[in-house]
Amino acid sequence: MPLGSGETLRLGEELKPFRERVKELSGEDVGLCYQCGACSSGCPLTDEMDLLPSTVMRLVQLGVEDVLNSKTIWICSSCFTCQVRCPRGIDVANVMEALRQLVLRRRYDRVSIDILTQEELRELPQIALVSCQRKLTG
Amino acid sequence: MHHLAPIRVLLRVEEAVDAGLVDEPRVVTLCAMCYNTLKRANHLYRNDADKRRVIESIMEKESRPYGGKAEVIHLLQLLKEVGWEKVSERVEKPLEGLKIAPYYGCLLLRPRGFGIDDPEEPRIMESLIEALGGEVVDIPFKSRCCGAYHTVFMKEEAAELSYKILRQASEMGADLIALSCPLCMFNMADRKSLIERLFRDFKGIPVLYFTQLMALAFGLEEEAHLDENNPDPRPLLRERGLWR
Chain A
344 MPLGSGETLR LGEELKPFRE RVKELSGEDV GLCYQCGACS SGCPLTDEMD LLPSTVMRLV
404 QLGVEDVLNS KTIWICSSCF TCQVRCPRGI DVANVMEALR QLVLRRRYDR VSIDILTQEE
464 LRELPQIALV SCQRKLTG
Chain B
8 MHHLAPIRVL LRVEEAVDAG LVDEPRVVTL CAMCYNTLKR ANHLYRNDAD KRRVIESIME
68 KESRPYGGKA EVIHLLQLLK EVGWEKVSER VEKPLEGLKI APYYGCLLLR PRGFGIDDPE
128 EPRIMESLIE ALGGEVVDIP FKSRCCGAYH TVFMKEEAAE LSYKILRQAS EMGADLIALS
188 CPLCMFNMAD RKSLIERLFR DFKGIPVLYF TQLMALAFGL EEEAHLDENN PDPRPLLRER
248 GLWR
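Going down the list, the sequences are from chains A and B. Read in order, the letters of the first sequence are residues 344 to 481 in the numbering used here. Read in order, the letters of the second sequence are residues 8 to 251 in the numbering used here.
FYI, nobody ran anything at the bench for these hints, they're computed from the structure. Even glycine gets a Cβ: it sits at the ideal position worked out from N, Cα and C.
Keeping only pairs whose Cα atoms sit at most 25 Å apart, straight-line, the calculated DMTMM-like set for lysine to aspartate or glutamate is:
(1) Lys-58/B - Glu-367/A
(2) Lys-478/A - Asp-55/B
(3) Lys-478/A - Glu-164/B
(4) Lys-162/B - Glu-466/A
(5) Lys-58/B - Asp-434/A
(6) Lys-162/B - Asp-452/A
(7) Lys-366/A - Asp-57/B
(8) Lys-366/A - Asp-55/B
Partial pick of chain B residues on the chain A-facing surface, computed with a CB cut under 8 Å:
(9) Met-40
(10) Cys-113
(11) Arg-117
(12) Arg-119
(13) Ala-155
(14) Thr-158
(15) Glu-164
(16) Leu-168
(17) Leu-190
Example chain A residues on the side facing chain B (calculated, C-beta under 8 Å, incomplete):
(18) Glu-391
(19) Cys-422
(20) Thr-424
(21) Gln-426
(22) Val-427
(23) Asp-434
(24) Val-454
(25) Leu-467
(26) Pro-468
(27) Ile-470
(28) Ala-471
(29) Leu-472
(30) Ser-474
(31) Cys-475
(32) Lys-478
So that you can see chain B by itself, here it is in the shape it has in the complex (with noise of 0.2 Å):
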């Protein structure tokens, strides 16, 4: 029962609302392959009537049904919802001179129907960066897969896509890539031992999440958390005046 766990999830959003801790019955996510699988089970269990009643059926110990209500949104469509002239606004250290290549990966924009933007040509995640001063890098594999889970018994073959995209940055002149997803994050940050021993080319290039690159241009150095990059971003953002 694969989709028995997202659903208990967002019961516990609508049980949120019920209780009046919130008004609207919306869940926000962080992560790409968590808002890709709550939403895509939360299209099941509203379109198709079969699976409903089988994760029904083996929920009947929940307080109540899950009613279908739950909306999942990641943070970029937060954000773009709140405007980016208002996250301009709260930038402190704009991100000058910075060019970043946004990589999306897959989840957080396929199925087609199911993205948080255009599945080919987004946008969404470079509106960030031009609102925190960046300078967006397009790089065309910014969608391409990175491996996935094929990093546990396929690394090798993982590493080869993540190298791919990592040197297509990198040759595209950008001096770090932001992303979402916490598994792209572990291909193409923490193999980076396996894809340097693989690649005698490979120059590292420092991985982000968005959100980090957030933290900094508002000014907010500890949240940053910019120690825990491999490799580490912070030499580089020193030599552009970005970091004490």
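The shape of chain A in the complex, shown without the other chains (with noise of 0.2 Å):
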């Protein structure tokens, strides 16, 4: 079912392991989520996502594997804004980065530094390239 088609969505059994692979993956207990919306209001990145990060929560609780497909988990920056307002205590960035790692361990790049242009390369400090693909590489 596409995101946002407006549809019912239903908890199937076999929708539980990814639910079950995120809690895992993170320590985080996404059902602990009551949709209040703090991670989305204060996230800076939101202008450049395409699903909020509650909306994130939320699917991810009702297991919907398709969220993987979502641009939000690429744009997160780990901030860590998000987890220190949570009022239910849920690191909402360390469920983005374990979303990350869902898609990453499929053996996918979403950066590649090789487009870099060599004055790109000069400019830029080690710091910066090196965290980009420590979060957005395999």
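Two chains, two separate frames, one set of hints: put the complex together.
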């Protein structure tokens, strides 16, 4: 089912493994989320996202694996503002990391530094290149 | 294996104690990202038995296993421990009349439980600025993300985040921004020309490491390396009588 189609989502047994995998990888219980939206309201990068962080949380609760196709998980910069503000104590940034890992472990790289020009490579500091590769490549 | 490198660094700290080079297994970092990475890896190693086993299994060629004893602190924490009064005593040239906006970014304060101060109401850099005789300008975006590594593949989006922080500091009357993280420094200072191209109303504001402000206040002009900042803070400091 495409995201945002407006149809009713049903949480079936066949969808549970995805939610469990996210829990196992992140250590976070997404079931605690009651959709207050604090994560989304404090997130500095929502302008660039296709789904709000709180929507990602809801979809993970419902076991919708299609959330892995969302742009949002790659836009999250792990600034942890959501982690500090979540009234349910969920580390939302950690959930985003688990979602990235689920994709990266399929030998997927979101970015490749091969496309950077020599000039870009010269000006970019190691701290940017290393943290970028750490987050966005498998 | 993301945690191997930081754990090897922490093992070197314990080895330094073994060798009698230092008394305590403490490591002080200047960089916010080093602080965060070392501190969080240390926590995982101490508390996650699975991770610890995996890390140990691939560190078999080390002299000994890491004992989990190293403490990771940031230089600002060490200064606080030394005492702000002691810091004040060293000041030869108080930063009088200099309006400084402390900028923490993410990694000094978050995730909760790993920061050097309260994640929402930090005071530590403010205390340092006051100890140096400067005036604190409290900006709401002081712990908002600068764009971080998105400067590699989404540089315009990252530049917008940094621009908003810089603009807010300017609008609130700050003369300059003080920070700790080299990636924030890159995004806020080295990306200046990109920010200027994207946002025509942008007025540059000097961005300095907090250590440069310390050097300036301690009378160590050479060591402050203010010729490396962009924009150059020296004309402004000269105006205030803080530079020759």
